[in-house]
Amino acid sequence: MRHVLVMTTFAFIASVVFGAVAKDTSKDRFLYGLKVFAEFMVIGLALSWALYFLPL
Amino acid sequence: MEDQDLVRREAAHEEDVSTQAWLIGAAGWFCPGAGHMLQGKWARALILGGAVWVCYLAGLWMGGHLFTVGGSAEGGLSALLQVPPTIADLGSGVLYIFCWILGVGFADDPAHAARATYEYGTNFLLIAGLLNYLVMLDAFDVSVGRKP
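Those protein sequences? They're chains A and B, same order as listed.
Numbering of the first sequence is given in the numbering used here, commencing with residue 323 and proceeding in unit increments.
Numbering of the second sequence is given in the numbering used here, commencing with residue 292 and proceeding in unit increments.
Chain A extracted, bound-state conformation (with noise of 0.2 Å):
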């Protein structure tokens, strides 16, 4: 559970500083925040469970 909330937190944190420095407009930053913010996510739940089934 630990390692979701860690996770979880650099992603809101990375998601509000890339959403906030890449777009012109607020609708537009919330929308590009949210975007990065579900992709930290997917991507990062993906990769460890792909990395569970390996045996390392």
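What the hints contain is simulated information worked out from the structure, not anything from laboratory work.
It cannot be assumed that every hint is accurate.
[Stated by the list, open to error] The list that follows gives simulated cross-link-like pairs (lysine-lysine, BS3-like), each with its CA atoms no further than 30 Å apart:
hint : chain 1 : residue 1 : chain 2 : residue 2
1    : A       : Lys349    : B       : Lys332
2    : A       : Lys345    : B       : Lys438
3    : A       : Lys349    : B       : Lys438
4    : B       : Lys332    : B       : Lys438
[Unchecked claim] These stretches of chain A come out as covered by chain B in the derived footprint (C-beta under 8 Å, 3 or more residues):
hint : segment
5    : 324-336
6    : 340-349
The structure presented is a predicted model; accordingly, all values stated were derived computationally and were not measured.
Even glycine gets a Cβ: it sits at the ideal position worked out from N, Cα and C.
Position chain B against the provided structure of chain A, taking the given hints into account.
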């Protein structure tokens, strides 16, 4: 004659704007959020600066490690590998300098590294510095008029 005066005044104005933008960029690096605050962009300063501060403090709280160029006991390649993370950590400006003066976060002992959140914390500290470079560039762009 008037045209020459106008050109000269415009050049002087551009130079002033450029100097101001560099100073705002430097302020933004030194104190996360200050670059936007100096331009009266309070909401952006709070959001962007706040994100960097939270990321940095979370990293310290998790027991993360801060890098220095002379931090490795070994020389050569090992010392060279310390340079990129040190540049990332330096992005946090006064936060890094404050920790450096107090010696907080620079411990490199096995007991410290054994903490479950050590790696997370180290990465949060690196990310805080890198994000602040982005925030600093944004403040610079706003100052020269490239961004609203």
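Results for each hint:
no. : hint                   : result
1   : A:Lys349 with B:Lys332 : holds, 17 Å
2   : A:Lys345 with B:Lys438 : holds, 9 Å
3   : A:Lys349 with B:Lys438 : holds, 16 Å
4   : B:Lys332 with B:Lys438 : holds, 12 Å
5   : 324-336                : holds (count 6)
6   : 340-349                : holds (count 4)
Of the numbered hints given earlier, the model fails none.
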